[in-house]
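According to our numbering, numbering within the sequence shown proceeds without interruption in unit steps and concludes at 492.
Don't read these hints as lab results, they were simulated from the structure. Wrong hints could be hidden among the right ones.
As the list claims (entries may be wrong) - Here are the computed distance ranges between Cβ atoms for each label pair:
id : residue 1 : residue 2 : range
1  : Phe117    : Arg148    : 18 to 24 Å
2  : Glu459    : Gln188    : 46 to 52 Å
3  : Lys116    : Gln248    : 27 to 33 Å
4  : Ala48     : Arg330    : 23 to 29 Å
No residue lacks a Cβ here, since even glycine has one placed at the ideal position from N, Cα and C.
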Amino acid sequence: MTALAPQSLVSFDPHRFPKAAQLFHAAHSGRYRVIVMGGAVRGGKSFGVLGTLLTLHKRFAGSRSIVVRDSLETLRNTTLPTVEKAMPNSFVKKFLGDPKFHWQFANGSSFQFFSEQAPNDPERKRWNGLEVNYIWLEQIEELEQTTFEKALERAGSYFIAKHIGQTPPPIIFVTLNPTDEWARAMFYDRYLNGTLPDNWLYIPATIEDNAGLEPSYLESLQSLKQTNPVKYKRFVEGDWDIKEKTGGEWYSSFEFSRHVAKVPFIPGVPLHASYDFNVKPYMTQLAAQLVRGVDRLQIRIFKEYTLRNPDNRTDRCCQALINDYLRESRLPVYYYGDRQGNNRIEGFGPTLRRFDTVRKELQLYLTSTSNQVNPAVVVNINFRDFINDVLAGLLPVEILIDENCTELIRDLQNTKEGKDGSILKAIAKDADGDRYEKNGHCLSAFTYLVGSMLFQLYLQWKKTPRLGKS
């Protein structure tokens with residue numbers, strides 16, 4: 023259905039615009055104080071918020087709203103075209119143009135542009151005395167945190183006279199594209215961790231949720247996918263964690279365009295599984311195959327298992343591998359991983375080790391040479407430099423990673439070197455307040471796998487200074 027007058031282009035048809043429909047129902051439920059539409063470009067975020075705002079204005083006569091951008095110029099150049107497309111003329115009673123940009127509606131409600139002007143108003147004094155019911159913070163990644171805090175203070179500050187109608191519950195609408203600034207920690211990370219306040223809602227939206235896009239535009243995006251696949255995944259697919267290089271990456275020779283592809287499982291070729299035994303935010307198992315060519319070796323990582331609570335257990339990872347690839351094929355398996363997996367587990371008796379669970383679960387598929395855990399292979403500078411040379415094509419080995427191994431790709435793209443020469447771990451808190459390392463788990467499993475597979479080549483590489491770190 024179209025909730026606005028015929029002149030409006032905004033639709034809340036759940037089959038064509040599912041996230042806009044979700045936004046519409048959330049806003050009218052009265053449950054949420056902050057509603058965030060995040061994700062990727064052209065996901066219909068701005069149209070959805072504006073259309074929802076207009077339906078609220080029609081429902082609550084006399085209500086007031088503002089849309090905020092960093093400057094009036096930005097509002098004029100980017101927000102105004104959206105408003106002109108979506109605004110139903112039959113609902114507009116009076117319009118004050120540039121520089122006020124104020125729409126007064128037939129039932130006394132109003133909508134207005136409001137610029138942040140952070141350099142000229144660092145204390146947000148212009149907000150004092152502002153009385154509104156709804157505030158829309160458009161592309162909040164371009165706004166300062168102080169502005170969001172001021173919006174929390176001012177949303178709901180306007181009270182509608184009883185003889186006119188009911189005062190609505192206040193709502194702050196936020197649209198958000200991938201960013202690493204303050205808005206990520208405030209909204210996106212808390213959404214992922216399940217720590218958003220109960221009256222906040224995050225709705226992810228991508229081009230898949232916007233049926234109104236022209237086919238020609240979608241075709242043009244394929245050109246971006248070919249020329250800059252990193253930017254495509256970040257801003258079109260909404261992958262917040264993938265980004266272009268900024269320097270200091272642990273595996274600096276990893277290139278998305280070179281090492282990521284569709285990597286299907288090859289029937290009949292033995293499997294190699296590598297483990298990192300951390301359980302937060304997930305338990306890691308990488309599945310790979312080794313193909314020997316005429317002049318080079320190909321390491322094909324075709325599947326990642328990053329199982330989260332309650333499945334973040336070694337046995338569950340092994341069972342998933344069996345169900346997906348081993349039960350019918352009966353292929354032999356070689357296993358790799360953190361050498362500490364051979365240490366005794368505290369509280370589980372004198373002999374139980376994590377790799378005991380791997381051996382127990384995979385026993386039907388193991389041979390006398392299946393154990394490939396190499397205690398000499400660790401995540402350190404030596405193996406980093408060696409694997410970087412492998413990734414750079416300086417050694418007769420090709421590494422391919424399936425495009426659906428998203429956690430591994432993020433790790434290889436984003437994990438950097440710390441000041442002490444080890445990998446830099448990002449620390450987060452879960453819903454219970456417990457701290458854990460967000461990154462590095464798939465990178466570690468990758469290092470154990472590649473370092474152990476190529477250990478003899480590594481020993482030769484160490485003896486050849488020209489291939490080592492200069």
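Here is how each hint holds up against the structure:
1. Restraint check, Phe117 to Arg148: a C-beta distance of roughly 22 Å satisfies the suggested window 18 to 24 Å.
2. The supplied range of 46 to 52 Å is met by Glu459 and Gln188, whose beta-carbon atoms lie about 49 Å from each other.
3. At roughly 49 Å, the beta-carbon separation of Lys116 and Gln248 lies outside the given 27 to 33 Å, and the hint is violated.
4. For Ala48 paired with Arg330, a C-beta distance near 25 Å keeps the hint of 23 to 29 Å intact.
Hint 3 from the earlier list is the only one contradicted by this structure; the remaining hints agree with it.
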